[in-house]
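Full structure from sequences and hints, please.
Chains as they are written, first to last, in my numbering: chain A, 1 to 112; chain B, 113 to 226.
Rather than coming from a laboratory, the hints here were simulated on the basis of the structure.
All residues carry an ideal CB built from backbone N, CA and C; glycine is no exception.
You may find that some hints are simply not true.
Among the chain A residues that face chain B by a calculated CB cut under 10 Å, a handful are [stated by the list, open to error]:
1) 6
2) 44
3) 64
4) 100
Okay, here's what each chain looks like letter by letter:
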Amino acid sequence: NAGVTQTPKFQVLKTGQSMTLQCAQDMNHEYMSWYRQDPGMGLRLIHYSVGAGITDQGEVPNGYNVSRSTTEDFPLRLLSAAPSQTSVYFCASSYIHNNEQFFGPGTRLTVL
Amino acid sequence: AQSVTQPDIHITVSEGASLELRCNYSYGATPYLFWYVQSPGQGLQLLLKYFSGDTLVQGIKGFEAEFKRSQSSFNLRKPSVHWSDAAEYFCAVGEGGGADGLTFGKGTHLIIQP
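Dropping the structure here:
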């Protein structure tokens, strides 16, 4: 099993550009989520999904969109990047019944 | 709303000494509790978890944690640290069967002195 995979590992954007961070898992987990990690802030939940076709907002959803067309994939879209979105982004997945999150390796995003 | 407090931003421990990292949580129902470790430039790895039952749980790499409901705490311990334990440690709380993900503390940075 590859677990949770994320691409790209690093990305630099200019303000106003858009991009999609990819996330995939091969553990047949129902639940997938995106977190951002900022220094001294821990991890904060952006969006989550409890299954294909179902998404919802977390603690810090503004500026981000998600979709879940398959169980395996959960891409995160930045519509118009801002410097405040400079962060490390982690995708995670779990079975709904136990909330034990498995994390991907992260994407380090810089917005200039 | 649920919350997690890790009171120590940094902790320095000598190699071979014992370690305790503190975690206090606020949660309305019976919590599911987790400790994760993050090495520099890496993702998060699960050290251990508490769902129910025995309040002393064993994890990987020789770590253990004790759930104390009366103190709303879930402190992480290791009897003898190794230089490779230097990392960032995160405590997290969530609910089983819930869709709200995990709420994380802000982390404790562990430094190991030779």
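Verification of the supplied hints:
1. The interface hint given for residue 6 (chain A) holds, since its Cβ lies 8 Å from the closest Cβ of chain B, which is under the 10 Å cut-off.
2. With its C-beta approaching chain B no nearer than about 8 Å, residue 44 (chain A) sits inside the 10 Å limit, and its interface hint holds.
3. The interface hint given for residue 64 (chain A) is broken, as the beta carbon of that residue sits about 15 Å from the closest beta carbon of chain B, more than 10 Å.
4. The interface hint given for residue 100 (chain A) holds, since its Cβ lies 6 Å from the closest Cβ of chain B, which is under the 10 Å cut-off.
In summary, the one numbered hint that this structure violates is 3.
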